[in-house]
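K.L.:
Listed below are the residues making up each chain.
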Amino acid sequence: MARPLSPHLTWYKPQITSVLSILHRLTGIALAVGSIALAWWVVAVAVGGATFANTTAVYTSIIGQIFLFGWTLALSFHLSNGIRHLFWDAGYGFEMTTVNRSGMAVLLMTAVLTIVVWLIALIG
Amino acid sequence: MSDTQKDASDNKTSSESEKNTSEQNKSRSDRHPKDEKPSHPSRNHHGVEGHNESDEYEEQVPDQDHGTQKEDDDSDEVIKVARTPTSPALLSQLEHRRDYARARGLGAGHTGAATWKIQRMTALALIPLAIWFVVSVIRMSFASQSAAAAWLAWPVNAAVMAVFIVIALRHAVIGIESVFEDYVDGEGLRAASVLLVKLIAFVLAVASIAALIHLAI
Numbered sequence: 002m003a004r005p006l007s008p009h010l011t012w013y014k015p016q017i018t019s020v021l022s023i024l025h026r027l028t029g030i031a032l033a034v035g036s037i038a039l040a041w042w043v044v045a046v047a048v049g050g051a052t053f054a055n056t057t058a059v060y061t062s063i064i065g066q067i068f069l070f071g072w073t074l075a076l077s078f079h080l081s082n083g084i085r086h087l088f089w090d091a092g093y094g095f096e097m098t099t100v101n102r103s104g105m106a107v108l109l110m111t112a113v114l115t116i117v118v119w120l121i122a123l124i125g
Numbered sequence: 002m003s004d005t006q007k008d009a010s011d012n013k014t015s016s017e018s019e020k021n022t023s024e025q026n027k028s029r030s031d032r033h034p035k036d037e038k039p040s041h042p043s044r045n046h047h048g049v050e051g052h053n054e055s056d057e058y059e060e061q062v063p064d065q066d067h068g069t070q071k072e073d074d075d076s077d078e079v080i081k082v083a084r085t086p087t088s089p090a091l092l093s094q095l096e097h098r099r100d101y102a103r104a105r106g107l108g109a110g111h112t113g114a115a116t117w118k119i120q121r122m123t124a125l126a127l128i129p130l131a132i133w134f135v136v137s138v139i140r141m142s143f144a145s146q147s148a149a150a151a152w153l154a155w156p157v158n159a160a161v162m163a164v165f166i167v168i169a170l171r172h173a174v175i176g177i178e179s180v181f182e183d184y185v186d187g188e189g190l191r192a193a194s195v196l197l198v199k200l201i202a203f204v205l206a207v208a209s210i211a212a213l214i215h216l217a218i
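Sequences listed follow chains V and Z, in order. All the letters of the first sequence, read from the start, carry residue numbers 2 to 125 under the numbering used here. All the letters of the second sequence, read from the start, carry residue numbers 2 to 218 under the numbering used here.
For the record, the hints were derived by calculation from the structure and aren't laboratory data. Note that the Cβ used here is the ideal one computed from N, Cα and C, for glycine as well. Heads up, a few of these hints could be off.
Here are some of the chain Z residues that sit facing chain V, going by a computed Cβ distance under 10 Å [said to hold, decoys possible]:
| id | residue |
| --- | --- |
| 1 | ARG121 |
| 2 | PHE143 |
| 3 | SER145 |
| 4 | ASP186 |
| 5 | ILE210 |
Subject to a maximum C-alpha distance of 20 Å in a straight line, what follows is the list of computed SDA-like cross-link-like pairs (lysine to any residue) [as the list claims (entries may be wrong)]:
| id | chain 1 | residue 1 | chain 2 | residue 2 |
| --- | --- | --- | --- | --- |
| 6 | Z | LYS118 | V | GLY92 |
| 7 | Z | LYS199 | V | LEU27 |
| 8 | Z | LYS118 | V | PHE88 |
| 9 | Z | LYS118 | V | TRP89 |
| 10 | Z | LYS199 | V | TRP89 |
| 11 | Z | LYS118 | Z | ILE168 |
| 12 | Z | LYS199 | V | PHE88 |
| 13 | Z | LYS199 | V | ALA31 |
| 14 | Z | LYS118 | V | VAL48 |
| 15 | Z | LYS118 | V | ILE84 |
All chains should be modelled from the sequences, with the hints used to inform the complete structure.
P.N.:
Rendered as structure tokens:
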């Protein structure tokens, strides 16, 4: 059965509502890819030896750290915006002023969570 | 035009319309001579029994203008609607039932509300689990193999980590599937992509749990 596909992203004028909605999907995809890195780490701990050493070397390299920072950012955002989505599913926060304000709150939460996580990781 | 003239013309018009009405009634009974004959007595005793249905609908239009006959024909019509399989009310009811059956399980997700519900339930569960995960993994990020192994070997950590990985992968599969449904053209390619993602998620879950069991024993 031929059903219409969704219009592609380039059709829309960027607004906080649409940008956060798109970011929710993108961060979701990034985190799905990140689940491979997590599973790999758990397996590497169990296997030990050279496997664990190589994994640690990759994860603590510059590129590895950039990826881990990106995943922290993605998780912080997806978690914050996901809570916002659950409030919508429960029927709250649909007024445009509330939607814009909760969107700003999500961005603030994302920044705070990411910074706190990395401060603890680097200092503690 | 004077008032008297106007009255006269009004009277003329109304008498003309009366005449028309009686003529219409006459012509109608002329059109259905059989209905009035004693060879079809059932019509008078059992209401609609002897009626020809197609004729009944033809008659409805002129009936709108008749005061006294309207009531009788209306009650006839009500019975007709209920009895006739092609009545709009019954038809729309049947169409609605068919469309509902079609909509169930044939939306973009093919399982409809169930997938939506699982996505929300896993999201809700992932709020505390993700916070636990972030806090734990920060502490483990620069850990040695022995420290990490000891930490994962502790039953509570192993159990929560297993639950987190399984629920996160379940949540991820629904999300990726919905992305494919929106942007992958072609039923076959889409089905293959979804199957591949499910396979990867399954392998990741099994590998992680096997590793956690290996560390625990």
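K.L.:
All the hints need checking, so say for each whether the structure fits it.
P.N.:
Right, here's what the structure says about each hint:
| no. | hint | result |
| --- | --- | --- |
| 1 | ARG121 | holds, 6 Å |
| 2 | PHE143 | holds, 7 Å |
| 3 | SER145 | holds, 9 Å |
| 4 | ASP186 | holds, 6 Å |
| 5 | ILE210 | holds, 9 Å |
| 6 | LYS118/Z x GLY92/V | holds, 15 Å |
| 7 | LYS199/Z x LEU27/V | holds, 19 Å |
| 8 | LYS118/Z x PHE88/V | holds, 14 Å |
| 9 | LYS118/Z x TRP89/V | holds, 14 Å |
| 10 | LYS199/Z x TRP89/V | violated, 28 Å |
| 11 | LYS118/Z x ILE168/Z | holds, 14 Å |
| 12 | LYS199/Z x PHE88/V | violated, 28 Å |
| 13 | LYS199/Z x ALA31/V | holds, 16 Å |
| 14 | LYS118/Z x VAL48/V | violated, 37 Å |
| 15 | LYS118/Z x ILE84/V | holds, 15 Å |
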